[in-house]
Amino acid sequence: MEWFIYILNGLYYASTIFLISLGLNIILGVMGILNLAHGSLYAIGAFTAAWLITSLAGWNSPDVLSFIILLGGAILAGFVGLLLERTLISPLYNRALEYQLLITFGALLLFEDLIKIVWGGEAYYASKPFDILGKVDLSGNIYPIYFLLVIVIAIVVKLLTWLFLARTRVGIMLRAMSLDIEMATALGLQINRLRTWAFVLGAALAGLAGALVAPTTPVLLGFGMEPLILAFVVVVIGGLGSLKGAFIGSLIVGEIRSFGIVIFPEIELAILYLIAAIILVIKPEGLFGRIKS
Amino acid sequence: MEKTRRDFIKIAGGAAIGAGTLLSGCREEEEKVVEKRGEIPKEPVKIAAVSFLTGVAAAPFGIPGNNTFEMLSEKINADGGIMGRKIELLSKDEAGGVDAQVKLARKLILDDKVDVILGYISSADCKAVLPLSDELGDLIVAYDCGTQELMEGSHSPFPVPKYELGFRTAATLGLDNIGLALMIKKYFPDIKRIAGINPDYAWGRDSWSIFEESMKKLMPQVEVVGTWWPPLFTTDYTAHISALIGAAPDIVHTAFWGGDAVTFTKQALGLGLFDKMTVAYSRGEPIPQEIGKDFPENQIIGCAGPHYFLYPPQDKWPLNKQFVDEYQKKYGKYPTYPCYHAYQAIYSYKAAVEKAGSLTGGWPTVDEVADAMTGLAIQTPSGNITIRADHNAIEDGLFGFTKLTSKYPFPILDPERIEVFPTFVVNPPVGIRTVDWINSW
Amino acid sequence: MNLKRFIFNKRSLIYLVVLIFLLIIPFILSPFNLILFESAITFAIVGLGFNLLLRYTGLLSFGHGAYFAAGAYAVAMVGRYVPSIYSIEFLIPIAIIASLVLSAIFGFICVRHTKIFFAILTLALSMLLFALLFKFYSVTGGSDGLYIPTPSIFGVTFKRRPEFLSGPYYYFLLVIFIICYMVMKVIVSSPFGKALQAIRDNETRAELIGIRVKRYRFYAFIISGTFAGIGGSLWTFVNGHVTPDVSHWFFSGEIVYMTLLGGFFIFEGPIIGAFVFTFLKLYAMGFTEYWMGIIGVTLILLVLLLPTGLAGGVVTIFNKLKTRKVLGGT
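Protein chains in written order, with the numbering used here: chain Y, 1 to 293; chain R, 1 to 441; chain P, 1 to 330.
Accuracy of the hints is not assured; some may be wrong.
Derived BS3-like pairs (lysine-lysine); straight-line CA-CA distance at most 27 Å [what the hints assert, rightly or not]: (1) 244(Y) <-> 194(P); (2) 128(Y) <-> 316(R); (3) 283(Y) <-> 115(P); (4) 276(R) <-> 116(Y); (5) 186(R) <-> 333(R); (6) 113(R) <-> 159(P); (7) 42(R) <-> 192(R); (8) 186(R) <-> 128(Y); (9) 135(Y) <-> 293(R); (10) 192(R) <-> 128(Y); (11) 159(P) <-> 116(Y).
Negatives, chain R to chain Y, calculated, CB over 10 Å [unchecked claim]: (12) 42; (13) 378; (14) 384.
Keep in mind that the hints were calculated from the coordinates and are not lab data. Quick caveat, the model's predicted, so the values are computed rather than measured. Glycine included, every Cβ here is placed at the ideal spot set by N, Cα and C.
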């Protein structure tokens, strides 16, 4: 029965990575920008959530509130994304790729220290939502209910994003833009507003991922680094700018990590990069790569 | 005229090198700097203290260590300083990885010109930084890190000391892991399966290898069912914990410390690991206080030497009572072993300077301090330490089981089941590698 | 006197002044600053190679740390496993071979792509190397990294590192740097270099006039990676320690940063960038614990306000002054 737990662990891990890489891929697909500061938005979401939960701990608030305020992480990250896009990224749409990459790199460095200034250098432990839900006995294996909740949330977010892109006006315009930006411009779409939309959506998804992880682990400086790299791996495996790729890629990464730790404990994460490298050699545009270079 | 090492470095660094002497090394210039004997400089003695001040290891580990350095330098300054010189403490952050620490240490020695560096919690940082002591000619005292490789040579018997100017004022991880094996042999003589989960760097790797060697000698029937190596400062151990539960060992060995130990323990509680096995924490002493009463009972805890706020009993050893009271008053927590280690480092330095100074009549050179520190024995809140010819201190080893009492808001070591292994049982002789010593049992 | 003609005629004079300045550096700087200066020289070599890809081939690599690491770890591995040949005259060729082989393997995969794809592929591959260096603890020392002993130079050995760094090594480094500078100068002005620029400007047209685009990109990639490897190997002796961090994308980002800081439109830009960045980072670190933010803000301002980098900015100001002078003079 342990296999069952390993699969769940993989799913849980895939859920958070999925939210990050989905945002990364939306930005990449619509705007053609690889957002190196994406990990910082994730960290901002995590710090916000952890900070809200710990500040709430002093008051006698109803338990359900500690779940609702997790959304605060997504909201603040989305807002920071809005500022970032409007002030720093939007002046660069007509400039060369290296500037777009470097401005997000600069933002990453800046955010790292802003986080330090706002929240300090020590780790935050905000496990209340995790503790409240408790554990469930799955045929002899104890499993935290909170992890199951995160998996459910990720699935819901996936469905909502699909609906948004398939059914809403903005969503359809975003897809049109990612397919052919010149045509979209010719058709009179408000390109700049759509770009802002895409960036804010991507940022909020990263923030949500951070907020969901916050109750399970200490939140500390440099929090966004590792997830950012894993999101890169997902993007490379799944395909640049592909939403389906983000989904399948996250599942692959999550399950391989979970089973890799059980079966090949010696090489742990290296196995992920090896698989990414193999896919790069065989199918350089990724499994579902739509955009060709 | 005899030249001191430091003078030589100064000359070498600033030497005028003509094109002709390009490849023949530095030409020695006429000596310009001579430290006058019998005079003690007026300016303060600069001590750099390097511990984790940010990140996951800060709260449970680096900050207690740094607090102690601050508290004790204030205390020493209030009592007149070291040979009349006040201490100027430069607290630095150990975060940023090995490479950042090498650069920082080089800056502290060459640019800030500190008299001594007392620092390093991570074994990786120790291993990278200690060679700088001899290279740059300044005293570096490792105060907490544990890898035995730091001071050992490649084969036994090895020449000592490895570094003329590098010291460690605490015992190695040999003590922690030999002690754990002795505990297991005494309290769990019938177990069959063990596993290990350790951080993937010098400290974790060496801890496990010493533990595994000791277990092979002491309990040859025991089988190792798995070893896991998550990177240092991992924040998600759930996959490892599930894998551990799947492997079903009787006892799990871990050398997790600081934030890693806290994170691992919290997540292991969530996944029900403690219902199925016992965890042996090689340096677990600070963790129960950090986690509080959720910390599971009956887990094996090592104290990185004999460092515990309840040992030696405060009524029998006033130094411990005084230290615990002062620390508790100032910071609201009981001192954990990093605090005791910080005490050992700063007081060893003070004692060595005073010992050397009393012989030469003035402020001693780094070489004289190093000579005085070799063979030094001082009294500490945990008893006595001796710094041997290999420039490494040796201590007794204290181990126990966690137990919740009504008196403290976190589990303490069960007084019924405390074991103190004497120094010679858990520390190898000078010049013998720990592994070779275990294999000679 | 006409400024333009002055520079044009006295270009060699400038070289001479710079050379004399470089020769007396060890007498001017404190040991600590000299070490920084030396590490800046090694980064300048990396920058020269990096710019062959960015400026002359139009490819942005976000994984140049990998080839830097190949050079650095080649030195470390020899030091650990074959100490009998631990001498600079052996170490540099070994490092060159190591980084050449690695950049050939990675380049083979990467040059099939351009733009953002190229950037992401180089990044992913450097992270693969990072993961391998990190996980194979028993071989590479994992995150502990490896200690780099002081090497001998042509049979001369040194007891202490400052003694080695304060003179002999500095001049050795200078010689290598000048060689690298001249080699790169020759490469970019050769037919090969012109072909690269033709590819950068218009791939299709280059293909039509008979340039084998991918092969030329591949060669440029290998040369660029090898320069990074040379820089990496020389850097290890200064730093005394090497960890997998040099293969992390973050480190590669710093290489990109240096190049843009100096200004990649100008051949010497990355060299200026390497020096300014090295000292900027150190003084920002000494000045405040929020040095990352300072570096980040500098980068943002640079991209928004001074996209041609410091060298580009100086040239712009210079041209403006010149125009004014010419106007005023007539």
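Exercise. Keeping to a limit of 27 Å between CA atoms, is the pair of residue 135(Y) and residue 293(R) held or broken?
Worked result: holds, 19 Å
Exercise. Regarding the pair residue 283(Y) and residue 115(P), is the alpha-carbon distance no greater than 27 Å?
Worked result: holds, 18 Å
Problem set entry | Assertion that residue 42(R) lies outside the chain Y interface [Cβ separation over 10 Å] | Residue 42(R) clear of chain Y: closest Cβ-Cβ about 35 Å, beyond 10 Å.
Exercise. Is residue 192(R) close enough to residue 128(Y), meaning Cα to Cα at most 27 Å?
Worked result: violated, 37 Å
Exercise. Straight-line Cα separation of residue 113(R) and residue 159(P) no greater than 27 Å?
Worked result: Judged against 27 Å, a Cα distance of about 21 Å means the pair holds.
For this session: Would you check the hint for residue 128(Y) and residue 316(R), treating anything up to 27 Å between C-alpha atoms as holding?
Result: violated, 42 Å
Exercise. Regarding the assertion that residue 384(R) does not contact chain Y, is the least Cβ-Cβ distance greater than 10 Å?
Worked result: holds, 34 Å
For this session: Confirm or reject the statement that residue 378(R) sits farther than 10 Å, beta carbon to beta carbon, from all of chain Y.
Result: Holds, since 32 Å exceeds 10 Å.
For this session: Could you grab the alpha-carbon distance between residue 244(Y) and residue 194(P) and see if it respects the 27 Å cut-off?
Result: Given pair residue 244(Y), residue 194(P) is violated - Cα atoms ~42 Å apart, limit 27 Å.
Exercise. Is the straight-line distance between the alpha-carbon of residue 186(R) and that of residue 333(R) 27 Å or less?
Worked result: Between residue 186(R) and residue 333(R) the Cα gap is close to 32 Å, so the pair fails against 27 Å, i.e. violated.
Exercise. Given the hint that residue 186(R) pairs with residue 128(Y), does the C-alpha gap stay at or below 27 Å?
Worked result: violated, 39 Å
Exercise. Does residue 192(R) lie within 27 Å of residue 42(R) when you go C-alpha to C-alpha?
Worked result: violated, 63 Å
When held up to the earlier numbered hints, the structure conflicts with 1, 2, 4, 5, 7, 8, 10 and 11 and fits the remainder.
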